[in-house]
Amino acid sequence: MDHFNLIVFLGLLLLGYVAGRIAESRHYRSIRQREAELGDVLVFASRFPPDFRVRPQTLVGGSVVVGEDYFKSIVAALQKLVGGRLKSYETLLDRARREAVLRMKEEARQKGASMVVNVKFQTFSIPGRNPNSLRAVEVLAYGTALGPAMPRG
Amino acid sequence: MLVTSLEIIPGRRVAKHLGLVQGSTVRAKHAGKDLMASLKNIVGGELKGYTELLQEARVEATARMVKQAEAVGANAVLNVRYSTSSITQGAAELLAYGTAVVLE
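Chains as they are written, first to last, in my numbering: chain A, 1 to 153; chain B, 1 to 104.
Keep in mind the hints are simulated off the structure, nothing from the lab. Be aware that a few hints might be false.
[Said to hold, decoys possible] Each computed DMTMM-like pair below joins lysine to aspartate or glutamate, with the alpha-carbon atoms no more than 20 Å apart: (1) B:K40 <-> A:E106; (2) B:K48 <-> A:D40; (3) A:K120 <-> B:E93; (4) B:K48 <-> A:E37; (5) B:K29 <-> B:E93.
[To be verified] Simulated restraints on C-beta separations: (6) B:Q89 <-> A:G147: 37 to 47 Å; (7) A:L78 <-> B:A71: 48 to 58 Å; (8) B:G19 <-> A:R47: 36 to 46 Å; (9) A:P127 <-> B:V72: 31 to 41 Å; (10) B:V59 <-> A:G83: 33 to 43 Å; (11) A:L14 <-> B:K67: 16 to 26 Å; (12) B:M1 <-> A:E35: 31 to 41 Å; (13) A:Y28 <-> B:A91: 26 to 36 Å; (14) A:Q110 <-> B:A15: 23 to 33 Å.
Here a beta-carbon is modelled for each residue, glycine too, at the ideal position from N, C-alpha and C.
All chains should be built: construct the whole structure from the sequences, respecting the hints.
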């Protein structure tokens, strides 16, 4: 019985590692490609638009929930013993944040906007069964999309 | 109704300040979707069920905030912010708040 548990554990670890790696590299490829495509939608963290011409505006946002894989959760649990950088979670959050910004940009472009100003981030972690463990993390990015400047009059 | 995260609107003046308006909703996870999410957690990646759930809740919270703003006679909500907090395991509260104003 002990052997069976060990085999299940190692199987999940391997599955998590392989599938997680594939999913991560595929996600990063898609992120890079879409970041290049949406490069002309400008994003500013400043509170005010770069110029004060009258523009149509609307609130836009993008959010994503990215889950950790089994391998990441085990690696993070071990790393927590010694402290320091949790690299396996860094990439998770990086992916989530970039994805959220991309979805916000997509919404902005759909609405005919050329820039998004006053962008705020918000991160919300969804706990797993054990309250100390992370299961998934939601990242929300939102801001005000501004359309092309309207002619005066 | 103009809903924006900006504090001022270029080219428009705030005629009347009506105070804070807010809208919130508490949502719990669906047991079936939760099971799917646990399975997805082995291989990692986006948990679409959760993304949709939280997004829907946020739309609802915003709609409630807008309703409150309408009730006080505002035509815009400025400086809108979102906040999420987990209440108990498996439930989250989503809050949207902003300043209701009358723009000229």
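Hint by hint, here is what the structure shows:
no. : hint                         : verdict
1   : B:K40 <-> A:E106             : violated, 26 Å
2   : B:K48 <-> A:D40              : violated, 27 Å
3   : A:K120 <-> B:E93             : holds, 19 Å
4   : B:K48 <-> A:E37              : violated, 23 Å
5   : B:K29 <-> B:E93              : holds, 12 Å
6   : B:Q89 <-> A:G147: 37 to 47 Å : holds, 42 Å
7   : A:L78 <-> B:A71: 48 to 58 Å  : holds, 54 Å
8   : B:G19 <-> A:R47: 36 to 46 Å  : violated, 21 Å
9   : A:P127 <-> B:V72: 31 to 41 Å : holds, 37 Å
10  : B:V59 <-> A:G83: 33 to 43 Å  : holds, 40 Å
11  : A:L14 <-> B:K67: 16 to 26 Å  : violated, 51 Å
12  : B:M1 <-> A:E35: 31 to 41 Å   : holds, 33 Å
13  : A:Y28 <-> B:A91: 26 to 36 Å  : holds, 32 Å
14  : A:Q110 <-> B:A15: 23 to 33 Å : holds, 32 Å
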